[in-house]
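Number of protein chains: 2
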Amino acid sequence: MKLYDGGRAPNPRRVTVFLAEKGIDVEKVPVDMGQLGHKSDEVTRLNPLQRLPVLVLDDATVITESVAICRYFEELHPEPPLMGTDARDRAIVEMWNRRMELNFLAAVAAAFRHTHPAMKEWEVPQVAEWGEINRPKALAFLELLDAELAEREFIAGARYTIADITGMIAFDFMKPARIERPDHLTNVMRWYQTVSSRPSAAL
Amino acid sequence: MKLYDGGRAPNPRRVTVFLAEKGIDVEKVPVDMGQLGHKSDEVTRLNPLQRLPVLVLDDATVITESVAICRYFEELHPEPPLMGTDARDRAIVEMWNRRMELNFLAAVAAAFRHTHPAMKEWEVPQVAEWGEINRPKALAFLELLDAELAEREFIAGARYTIADITGMIAFDFMKPARIERPDHLTNVMRWYQTVSSRPSAAL
Chain A
137 MKLYDGGRAP NPRRVTVFLA EKGIDVEKVP VDMGQLGHKS DEVTRLNPLQ RLPVLVLDDA
197 TVITESVAIC RYFEELHPEP PLMGTDARDR AIVEMWNRRM ELNFLAAVAA AFRHTHPAMK
257 EWEVPQVAEW GEINRPKALA FLELLDAELA EREFIAGARY TIADITGMIA FDFMKPARIE
317 RPDHLTNVMR WYQTVSSRPS AAL
Chain B
137 MKLYDGGRAP NPRRVTVFLA EKGIDVEKVP VDMGQLGHKS DEVTRLNPLQ RLPVLVLDDA
197 TVITESVAIC RYFEELHPEP PLMGTDARDR AIVEMWNRRM ELNFLAAVAA AFRHTHPAMK
257 EWEVPQVAEW GEINRPKALA FLELLDAELA EREFIAGARY TIADITGMIA FDFMKPARIE
317 RPDHLTNVMR WYQTVSSRPS AAL
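As given, the protein sequences belong to chains A and B, one line each in that order. Residues 137 to 339 (my numbering) make up the first sequence, in order. Residues 137 to 339 (my numbering) make up the second sequence, in order.
So that you can see chain A by itself, here it is in the shape it has in the complex:
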């Protein structure tokens, strides 16, 4: 199989960190998103939505969407579990991964894509007002998360999961999105310290 990879952009990075945590090596096809490589004919043929990452299996099946790719690897290589260990736990991890995506990563990405000058050709049209109101949305979610993290080490419980990967990557993405780090949210900052000091975080 082959993984068409977009480097440090948030979604490709989610899969990269996930694979590192699993200790899985996959042949990568690097795509330069800065040069709009994700809009090339080759990538468009695989994913008409022109987004990365894209996993191509040996039978030519194409899997897109970061979490779908992660789920595929989770099933092939269950250890260490990053998406839950039984029905109840898997539902809790899915809940938290979605909360991190829909309320945090999506808000940070909207702020970045709709206000950053470098995104002018990517996000057409940019709607500056939409980008602006997503900054406080992201921070409001982190306040809520702070209360949750008072009671446990990781986002979805006592164990590091895919929800921590999504959260860490969204947190790092606040910088280019020009959202200030919430230093007063001590539980969030303690959690970020923990997850971002894992070797996989350097990827």
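It cannot be assumed that every hint is accurate.
You can't tell identical chains apart in this list, so a pair holds if it fits in one copy or across any two.
[Unchecked claim] Here are the simulated PhoX-like pairs of lysine-lysine, each with C-alpha atoms no more than 25 Å apart in a straight line:
#1 K256 - K273
#2 K256 - K138
#3 K158 - K175
#4 K175 - K273
These are calculated hints, taken from the structure and not from any lab test.
Given chain A, put chain B in place with the hints provided.
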């Protein structure tokens, strides 16, 4: 267990249709979203994000996020499979369900929430421009879907899955979002005809 239900709103309806397709009966606590019941103290205590549906297990575990709730039931009651049958198929279903959510349902919902007068108190502030540009986004995705559906009966393959549920509900939601039905997309219309004539679609 108990399911706090929000009636015909898109996300509660996703779980309702899913359960009907599975033939599962769950005790429901109806919440009147028109009266902002999802912002009540009771719901807020269960889900600080103030969204429905919310599933409360007998051990008091709270599961939110429609797809996480569906996944819990899929694991408890695997038949009929609505989220895939093996690692590859589950990844394909997840990919398509996410594509339907992120590119279609999210666009329709943005158009509705940011342009409909009835949403003024729900979506603060409404960003009309953001709502407007999501209408063509939803339709552009349906064009792409039309090409896919030329080759198969259902969204994720030969079998009805959760991706069809998400798609059907987003399609129905185009009406209040004031997005015209794309009658020229014959494969999409044939698919919609098929999925919306199932008994579960009446719920």
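Structure-based check of all given hints:
1. K256 - K273: Both: 22 Å inside a chain and 17 Å across chains, each within 25 Å.
2. K256 - K138: neither (31 Å within a copy, 47 Å between copies)
3. K158 - K175: Result: close neither inside a copy nor across copies, 30 Å intra and 40 Å inter.
4. K175 - K273: Result: close only across copies, 17 Å inter versus 30 Å intra.
Checked against the numbered hints listed earlier, the structure breaks hints 2, 3; every other hint is satisfied.
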